[in-house]
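Chemist: From just these sequences and the hints, can you work out the full model?
So the sequence lines, in the order shown, correspond to chains A and B. Going by our numbering, 357 is the number at position 338 of the first sequence; the sequence numbering is gapless. Going by our numbering, 235 is the number at position 216 of the second sequence; the sequence numbering is gapless.
Bear in mind the hints are in silico, worked out from the structure with no lab data behind them. Don't take every hint at face value.
With a straight-line cut-off of 20 Å between C-alpha atoms, the simulated EDC-like cross-links for lysine to aspartate or glutamate are [what the hints assert, rightly or not]:
1) A:Lys-306 with A:Glu-228
2) A:Lys-138 with A:Asp-269
3) B:Lys-340 with A:Asp-41
4) A:Lys-340 with B:Asp-241
5) B:Lys-410 with B:Glu-182
6) B:Lys-192 with A:Glu-185
7) A:Lys-138 with A:Asp-224
8) A:Lys-138 with A:Asp-77
9) A:Lys-138 with A:Asp-56
10) B:Lys-340 with B:Glu-182
11) A:Lys-306 with A:Asp-400
12) B:Lys-53 with B:Asp-41
13) A:Lys-192 with B:Glu-181
14) B:Lys-192 with A:Glu-182
15) B:Lys-192 with B:Glu-181
16) B:Lys-192 with A:Glu-181
17) A:Lys-192 with B:Glu-182
18) A:Lys-410 with A:Glu-267
19) B:Lys-410 with B:Glu-310
20) B:Lys-53 with B:Asp-77
21) A:Lys-340 with A:Glu-181
22) A:Lys-192 with B:Glu-185
23) B:Lys-138 with B:Glu-33
24) A:Lys-410 with A:Asp-224
Number of protein chains: 2
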Amino acid sequence: MSLVTPPGYYSLNEESVRAFLDGLPEIQARLGGKPADWTVVEVGDGNLNLVFLVDGPDGSVCVKQALPYVRAAGESWPLPLDRAFFEQAYYRAVAPVVGALVPAFYHYEPALYAIVMEKLAPHIILRRGLIEARRYPNVARDVGEFTAQATFATSDLGATIEEKAEWASTFAKNTSLLRITAEVVFTDPLGTSPRNRWTSPHLDDLAREFRADSALKTIVADWGWRFLTDGQALIHGDLHTGSVMVTETDTRVMDPEFAILGPIGFDVGAFIANLVMNFIAQPGHAKAGDERREAADWVLDQVPVYWNTFSSRFRALWETKASGDAYPPAMFGPADAAALDAARTRFLDRIFADAVAYAGVKTIRRILGFAHNADFERIADPATRAPLEAKAARLARQFLLEPGSFRTAEDIVAAARAV
Amino acid sequence: MSLVTPPGYYSLNEESVRAFLDGLPEIQARLGGKPADWTVVEVGDGNLNLVFLVDGPDGSVCVKQALPYVRAAGESWPLPLDRAFFEQAYYRAVAPVVGALVPAFYHYEPALYAIVMEKLAPHIILRRGLIEARRYPNVARDVGEFTAQATFATSDLGATIEEKAEWASTFAKNTSLLRITAEVVFTDPLGTSPRNRWTSPHLDDLAREFRADSALKTIVADWGWRFLTDGQALIHGDLHTGSVMVTETDTRVMDPEFAILGPIGFDVGAFIANLVMNFIAQPGHAKAGDERREAADWVLDQVPVYWNTFSSRFRALWETKASGDAYPPAMFGPADAAALDAARTRFLDRIFADAVAYAGVKTIRRILGFAHNADFERIADPATRAPLEAKAARLARQFLLEPGSFRTAEDIVAAARAV
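Modeler: So, in structure tokens, the structure goes:
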């Protein structure tokens, strides 16, 4: 890979983004006034992109442009630009069923690998809100609803063979980000990648112990195989609390550039893992007079809210909107109702089991791998942070090595409290 | 779908195939002489294609052309021509690793949807040989070797994410034949499709009983979901004994137009099911002085030969040629050898379990669905045929409802004898 970019591509800045938007009549009309009247702020705090918020007299937009390298690693980790294509393709695929649970999509500019979409305000990133002990009464239900709607509609339960084949063919090409997930989530954390880091020396022993645990490593590899092969639905691919923006009343899922056809439990497990990590990290953010006990309890309680919303919505969609080629209605009559209901329960139990395992994988990578979580990173004192990270890692190992202990979302809650 | 064919397409006949081949210098050179010197015979006995065998003074070729409808159903079941593209794409993908276990590929003519390849002689179709009680000492080992090499090389164990993505993107478009498999293998046989047929009235009760078995139907649907989602490797997709041509010493796998990214066990189970059905059918072909007992025993003994060859070759390839992104060598060191070995055993046990279930699905569809097997169909007397078909159907139900009873290939042998 190289940093040579395709003809017509240039990195936008706060000036050139005005000229770009000025050339899009619909966007210009949305903003109102002249480019000189617009305020432009670059706010990208992610790893991979530039993000501009643009306000005009009549309205606002957000411009997200892919960079040809992983921003956090500097230019030493080049990265193809086409992930912006997959991001907008995902928004287009799921928008019909998830509605305002994603930002409104306005325009995609192929040459610039830039998406123009709704500017979310006064939303903040859910992870930041949770770290600040804020509560969002709708968020677990909203993300559960999002996960159910998006995965059902793009699975063989909600889509025909021909519809799913279009997504399969398109998203199969999202290999750059698939490789990143395969490497930084599954391969590196228990291997010996120079990209790995951990709170050292506090967790040196834990890192050594995990990397010497042959059984754990092969189980993670089993789930890596499943991740690479199990094309159940179009999944978001990076559904952590940093990919969700919130207000007290509104929830939006964003940053779907890792979208692939994959296991539904990978999205479910990612969200659960990030709630659980925030719960475990809460004592690290305690201040005099605020032990963070209630905040922690609230976050952990969102795990069953999320799972129960997901699973009941997914089941309801299956009961009322089955229009795919799996479990085809033509096979079943009224006499099969009880058996089909049992099949749905089996199906959702398997998704739950997958989610528990992927939650384990996704947690370990945040403690021992390349990309860490602000939930832990914002705990400045490593002597406070390390034991909390160790708790998360031990729970993750339970998720992977004791799958029989996790049958319900309440089992996750109990184990997270006990760890 | 319609029978309007694309510009440039015409159905070949014994005359026009000469003109077509005359325009291909390499083929002309291979055949030698002039088109008028060539003998041409159309031998297609399949459902979907024309097949010409062409002999010249210096050599021979086979021309296989896709027809725009399912031949056995007449023009009432139209079918896109592009399956010829997928057939040649499959040959090209696996040829580097399976060598002469497939026919040599010479030319693909996109406008005609025609493949020019090696003419196999004096090969006959394996199914026909087995029905005639012939023995092929190499065939189970050869097809086991074929299955292992082709699936390993195109899985995430033998291919990189980028290589597999090319196949995923290409073969995702093979929706016409995927839909046929989904419908005629999984949906129709236990449903109420007008395409279904069975030996009637002898098996009317059995058909009714199976179609009233809600548990069986949901289990078949579970495996239908797995078939549609589980993209483990590029699979042949129709690996029965009618897709294998043999002599006493040579084995060739052909007709891979159903190729998709799918579960490895679907290929393995298809071949096992067709051996087992031939075993069960043998008494129906008995004549005075030939009870077919030895022939039947020989066929059934090929089940463990096939599975053991497949599994030991697959394991050996994994041990020596792992070059994919699943179970990446970078994760494992010498201290992990025993755990990795156990993971390989788990992995192959899962493929076996998948194969047993798909063998069940594939057997039921040959008794109650659209396309039946010559193994049973050649038994002219329905009163002789029906009880043998019923045995096969009952064994298939065991495969699906009692998975715990089938841990080894020998368990299949024992159950097939006992049924």
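Chemist: The structure should be examined with respect to each hint, and the outcome stated for every one.
Modeler: Checked hints:
no. : hint                     : in the structure
1   : A:Lys-306 with A:Glu-228 : violated (32 Å)
2   : A:Lys-138 with A:Asp-269 : holds (13 Å)
3   : B:Lys-340 with A:Asp-41  : violated (55 Å)
4   : A:Lys-340 with B:Asp-241 : holds (18 Å)
5   : B:Lys-410 with B:Glu-182 : violated (43 Å)
6   : B:Lys-192 with A:Glu-185 : holds (8 Å)
7   : A:Lys-138 with A:Asp-224 : violated (45 Å)
8   : A:Lys-138 with A:Asp-77  : holds (13 Å)
9   : A:Lys-138 with A:Asp-56  : holds (17 Å)
10  : B:Lys-340 with B:Glu-182 : holds (15 Å)
11  : A:Lys-306 with A:Asp-400 : holds (13 Å)
12  : B:Lys-53 with B:Asp-41   : holds (8 Å)
13  : A:Lys-192 with B:Glu-181 : holds (8 Å)
14  : B:Lys-192 with A:Glu-182 : holds (10 Å)
15  : B:Lys-192 with B:Glu-181 : holds (18 Å)
16  : B:Lys-192 with A:Glu-181 : holds (8 Å)
17  : A:Lys-192 with B:Glu-182 : holds (10 Å)
18  : A:Lys-410 with A:Glu-267 : violated (30 Å)
19  : B:Lys-410 with B:Glu-310 : holds (18 Å)
20  : B:Lys-53 with B:Asp-77   : holds (11 Å)
21  : A:Lys-340 with A:Glu-181 : holds (17 Å)
22  : A:Lys-192 with B:Glu-185 : holds (8 Å)
23  : B:Lys-138 with B:Glu-33  : holds (16 Å)
24  : A:Lys-410 with A:Asp-224 : holds (14 Å)
Checked against the numbered hints given earlier, the structure breaks hints 1, 3, 5, 7 and 18 and satisfies all the rest.
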